[in-house]
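*Asks:* Each chain, letter by letter, is given below.
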Amino acid sequence: MAELTSVSFHPGTSVLHRLDVRFKILFLIMISFSSIGGGFIGLGLLSALLTAVILHSRPPLKSGFKEFRFFLILLLLILIARMLTTPGAVLIEINAITITRQGMLSGLLICWRLLIIAMFGFLFLFSTPSGQIKAAVEWFLRPFGFIPAKHIATMMGLIVRFIPVILNQAKETAEAQRARCLENRKNPLYRITRLSIPLIRRTFEQADRLIVAMEARGYSENRSDPTLNANRIDWIALLILIGMSVWIMII
Amino acid sequence: MDIIEIKNLSHRFSDGTLGLDQINLRIEAGAFVVLAGANGSGKTTLIRHLNGLLQPSVGCVKVDGVSVQKDPMRARRLVGMMFQDADSQIVGETVYADVAFGPENLQLDQDQIRKRVASALKVVGMTAFADQRPHLLSGGEKRRLSIAGILVMEPKVIVCDEPFTSLDYPGVRQVLKQIVALHQAGHTIVVITHDLEKVLAHCDRLIIMQKGKIVRDGLPGEIVADMETFGVRAPCAFQLGMEVRSWLN
Numbered sequence: 001m002a003e004l005t006s007v008s009f010h011p012g013t014s015v016l017h018r019l020d021v022r023f024k025i026l027f028l029i030m031i032s033f034s035s036i037g038g039g040f041i042g043l044g045l046l047s048a049l050l051t052a053v054i055l056h057s058r059p060p061l062k063s064g065f066k067e068f069r070f071f072l073i074l075l076l077l078i079l080i081a082r083m084l085t086t087p088g089a090v091l092i093e094i095n096a097i098t099i100t101r102q103g104m105l106s107g108l109l110i111c112w113r114l115l116i117i118a119m120f121g122f123l124f125l126f127s128t129p130s131g132q133i134k135a136a137v138e139w140f141l142r143p144f145g146f147i148p149a150k151h152i153a154t155m156m157g158l159i160v161r162f163i164p165v166i167l168n169q170a171k172e173t174a175e176a177q178r179a180r181c182l183e184n185r186k187n188p189l190y191r192i193t194r195l196s197i198p199l200i201r202r203t204f205e206q207a208d209r210l211i212v213a214m215e216a217r218g219y220s221e222n223r224s225d226p227t228l229n230a231n232r233i234d235w236i237a238l239l240i241l242i243g244m245s246v247w248i249m250i251i
Numbered sequence: 001m002d003i004i005e006i007k008n009l010s011h012r013f014s015d016g017t018l019g020l021d022q023i024n025l026r027i028e029a030g031a032f033v034v035l036a037g038a039n040g041s042g043k044t045t046l047i048r049h050l051n052g053l054l055q056p057s058v059g060c061v062k063v064d065g066v067s068v069q070k071d072p073m074r075a076r077r078l079v080g081m082m083f084q085d086a087d088s089q090i091v092g093e094t095v096y097a098d099v100a101f102g103p104e105n106l107q108l109d110q111d112q113i114r115k116r117v118a119s120a121l122k123v124v125g126m127t128a129f130a131d132q133r134p135h136l137l138s139g140g141e142k143r144r145l146s147i148a149g150i151l152v153m154e155p156k157v158i159v160c161d162e163p164f165t166s167l168d169y170p171g172v173r174q175v176l177k178q179i180v181a182l183h184q185a186g187h188t189i190v191v192i193t194h195d196l197e198k199v200l201a202h203c204d205r206l207i208i209m210q211k212g213k214i215v216r217d218g219l220p221g222e223i224v225a226d227m228e229t230f231g232v233r234a235p236c237a238f239q240l241g242m243e244v245r246s247w248l249n
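Chains A and B, in that order, are what the protein sequence lines are. Using the working numbering, read the first sequence as starting at 1 and increasing by one per residue. Using the working numbering, read the second sequence as starting at 1 and increasing by one per residue.
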C-alpha cells in the first residue's frame, strides 16, 4: 500500500466537496484578496471560517503540516526579516540586533495572510478533482475567444495532477538518501543538489510513462468534461463570502 | 480472421539503434498469445506499434484490417494496453475517475460513461472500490483497475505488458484469473512476459523474440525445449519432465 501525499484530491461528501468548482475558484480569489486587504480582525474572521471548514471536511491536517514544513520555514524567515528591518518602537535589543514592535506586528500580519491563503489552497486541492479544475478553467476562459482555453485548461489540469506525483517522488528519493546516511552531510547545498538531480530525472521519467499511458487511452484536449452544476448551496456560500469580504475590506 | 497483421515492420530509435527488424506477424481473433524474450529483445517496442504509440520506420501494422498509422484513435480503442508499471497508468483521482478516463476521451456523454464504468468495474469485481483513491489499492487491485480502464473502451485485443511483475501469489492469481476470463469472453489476449511459469498453461501460441526479431513462433509445447537459448527460462515443471499446470488450479 502506498502512502500518499496529502496535497491531493481526497474523495468525500462534505459541503466543501459538494460545492461547484467554479464557485470554489471564486471563493479562493475572494479570500485571497480579503486576506491581503484585511487587518487582524479580518484575518481572525477568516481563520474562524478556515477552522470551521477544516472541522467539517476533515482534511489530513497532520500529514498536511508535514508537507507544509518548508513553507512554514519560509514564513518564519519572513517574520524574522520583518522584525529586524522595520523601523519603530524597540521591543528587544541585543547588541546590534533590534526587534521592533511594528516589525513584529507587520511580520505576523504577512505570515498570517500567507498561511490563510495557503491553507485555503490546500483545502481546494483536497476537495476538488483535477478534471473539475480543468473544466472550470475552460469555462472561465471560454468568453475570451483569443485565449486557447482548452490548451490552458489541459495544462492546468495536468499540473494539478502532477503535484502529488512530484511530492511523492521527493519523499521517496529523500527516504532512499536518508537510508544511505545523507543526514551526516551537514552542508544544505550538497543535500539539496543530491535530492534535486534524481528528483528531476525521476519526475521526467514518470511524466513520460504517464503520457504514454494517457495516449494509449486516447487522451486529447477534446474530451467529455465533468458536468458543472451550480446549486442553491453554492449561491448561499457566495452571498456569505461576498458579505464577509466586503466587511473585512471595510474594517 | 486475423485481428492483427504486421508486415515487414522495422523500428529504428532516434539514437540509431534498431529496435525491431523486419517483423512479420499475424494474430487470429480470439487467440491467447504469449510474447517472451530477454530484456531489450523488442517485446515492448513491438506492442507499442499495435496502438500507434510508436510509428514504424518501415512496414505496416493493421488492426482489424485498418492501418494503425491511418487511424491511431481507432487502434487505441480496439487495442487496450496494460502497462508494466500499474502506478504510472493511473490517471484518475478515484477508481471511478480513472476508469472513466478512456470513455471521456471518446467524448461519450456522462450517462454512457456511467454505464460503461459500472459495467467494467463489475467485470473486475471492483464496484465497491469506485470512490477509493487508486494509489491506495494493493498491487493486484491496481492491475484489475488497469484492466477495467481497458475494458471500458470495449476493445477487441488486450495487451498485457509484464502483468505479474511485483505481485504476490494472490495478486498473480487475481490478475491471471481476470485475463483467462477475458479470453473466454472472446477477447484476443497478448501477454508479454519472461516469466512463463504463470501463464504458459493458458496460452495457445508462444512467440520468442531476440534482438528485435521473432526467432520462434508456434505451440508452447514445441518451443519450450530450446527457449533458454534465447534468454527465457523454461518453466520448472517442464525441466522436471512434468506438464506445466495452471496457477489457477
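Everything labelled a hint here was simulated from the structure, so no lab data went into it. No experiment lies behind these values; they were computed from the predicted model shown. It cannot be assumed that every hint is accurate.
[What the hints assert, rightly or not] Covered stretches of chain A, going by a simulated chain B footprint (3 or more residues, C-beta under 8 Å):
#1 53 to 66
#2 101 to 107
#3 128 to 141
#4 221 to 235
Note that CB positions come from ideal geometry on N, CA and C, so glycine has one too.
*Asks:* Against this structure, judge whether each hint is valid.
*Replies:* Going through the hints against the structure:
Judged by the Cβ-Cβ criterion of 8 Å, the stretch 53 to 66 of chain A is not covered by chain B as claimed, because only 0 of its residues qualify and three are needed. Note: the stretch 101 to 107 of chain A has 0 residues with beta-carbon separation from chain B under 8 Å; the three-residue rule is not met and the coverage is violated. With 3 residues bearing a CB less than 8 Å from a CB of chain B, the stretch 128 to 141 of chain A meets the requirement of three and the coverage assertion stands. Interface restraint, the stretch 221 to 235 of chain A with chain B: holds (6 residues with C-beta to C-beta distance below 8 Å; minimum three).
Going through the hint list in order, the structure does not satisfy hints 1 and 2.
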